[in-house]
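**Q** Turn these sequences into a full structure, and let the hints guide you.
Protein chains in written order, with the working numbering: chain A, 1 to 123; chain B, 1001 to 1110.
Just so you know, the hints here were simulated from the structure itself, not pulled from any lab data.
These numbers were taken from a predicted model, which means no experiment stands behind them.
It is possible that part of the hints are untrue.
Unchecked claim - To give an idea of the chain A side of the interface with chain B (calculated C-beta under 7 Å), a few residues:
#1 Leu-45
#2 Trp-47
#3 Thr-107
#4 Ala-109
Positions of the beta carbon are idealized from the N, C-alpha and C atoms, including for glycine.
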Amino acid sequence: QVQLVQSGAEVMQPGASVRVSCEPSGYTFTGYYMHWVRQAPGQGLEWMGWINPDSGGTNYVQKFQGRVTMTRDTSISTAYMELSSLRSDDTADYYCAIQYDTSGYYTGAFDIWGQGTMVTVSS
Amino acid sequence: QSALTQPASVSGSPGQSITFSCTGTSTDVGAYNHVSWYQQHPGKVPKLIIYDVKNRPSGVSNRFSGSKSGNTASLTISWLQAEDEAAYYCSSFSSTSTVLFGGGTRLTVL
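**A** And the structure:
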């Protein structure tokens, strides 16, 4: 069974950095781009970017350029999303997602999602 | 780039058909047949129900259908059921190689 398992909830101070992990199972880790999507409480979905686990190449939405870093460790088949200089409006559920059984790698058709990681930014 | 535009809410009665709109531009919705739709119940993970404008993933009811005309994509739910009450989000691939989401439409089944 294909699934993505994310790390647990985090409470962070403003200005700090947070790293969320995403561990896939049931498929070849390097075969599918890993995307990150966030959702603030009561708000809509916001795509943040992707990482190609095979090459390590990344593509971030301009809004997060300079603050987000997506990495992977192929030895343990885990992807990471780190967001720095946290602000209160970064409080959100952060999801990893892939296009597993849909066409393409980065067209937005995410059929497999992690369970979400709640990141709360508060002093 | 701006998010795609969706109405904030719609409502319908059981058994009715209802259509959601998702408006983009000539650099996203109008340029590519890579529009997807997601259903999200409160407290749950989004679920893909339509991709590439009109394709349904395995296991998704055929009461859900998608289409596109110009810069506007549409999702139609036929034979509305109480369990369809949820938020619906559209997404599109864009010319900057990014993915845009709409703000979401909340469906109320009366």
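**Q** How about Trp-47 of chain A: closest beta carbon in chain B under 7 Å, or not?
**A** Holds, because the Cβ-Cβ distance from Trp-47 of chain A to chain B comes to roughly 4 Å (cut-off 7 Å).
**Q** May I ask you to test the interface hint for Thr-107 of chain A with respect to chain B, counting a Cβ-Cβ separation under 7 Å as satisfied?
**A** holds, 4 Å
**Q** Does Leu-45 of chain A hold up as a contact with chain B if the rule is Cβ-Cβ below 7 Å?
**A** holds, 4 Å
**Q** Does the closest beta carbon of chain B sit nearer than 7 Å to the beta carbon of Ala-109 of chain A?
**A** With a closest approach of 4 Å, the Ala-109 of chain A hint holds.
In summary, the structure agrees with every hint in the numbered list given earlier.
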